[in-house]
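*Asks:* Sequence:
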Amino acid sequence: MSSFVCSDYTVLAIVEGMRNHGIIEKTRRDSIDMAEALRVVNEHMTYRRWCVGDRNHTPVTADVRPYSDGEVLAAIQCYLYQIETGEAMDFDFITIVSAVKMLRGKILEGDGFRKGKDGYQEFVDDGYGGYWQNIAEVYEWDLTE
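Residue numbers 1 to 145, in full-length UniProt numbering, belong to the letters of the sequence shown in order.
Treat the hints loosely; a few may be bogus.
Computed cross-link-like contacts, DSS-like style, restricted to lysine-lysine with a CA-CA straight-line distance of at most 25 Å [claimed, not checked]:
1) LYS106 to LYS117
2) LYS26 to LYS101
3) LYS117 to LYS101
4) LYS117 to LYS26
5) LYS101 to LYS115
Label-pair restraints from in silico Cβ distances [said to hold, decoys possible]:
6) ASP30 to ILE94: 14 to 22 Å
7) GLU36 to TYR81: 15 to 23 Å
8) GLU87 to GLY127: 20 to 28 Å
9) VAL64 to VAL40: 32 to 40 Å
Bear in mind the hints are in silico, worked out from the structure with no lab data behind them.
Don't be surprised by glycine CBs; every beta carbon is placed ideally from N, CA and C.
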């Protein structure tokens, strides 16, 4: 459990993964709606622990770019770390978090990724048979980003 609102890039990586894996439609409107929903859940779960009084919503404004499945997996790890607090969530929030976890499952079912004892790993082909490396080392995705 942490206390950060994830960056626009973390949110956009998850949205791009959802588009690529068929969880949401590839329309601009669906992408914007999902990005806003992810941010609202993140803000609510963070501010609920640390803020008293009014909270301001910060919309996602960064430019979209393509993300690899490894980057999406790292973003999911970061996002879930921020919002899974053990506190009760309403049904809408549970639905959003379930969609993120479903995306994680779809990526891990594919070739080249697995869950290891120290987190998620990606297969790196070095020309000598390859090896498994922690995605945090491959992509240097900061959990507090």
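*Asks:* Checked against the structure, which of the hints given earlier come out wrong?
*Replies:* 4, 8, 9
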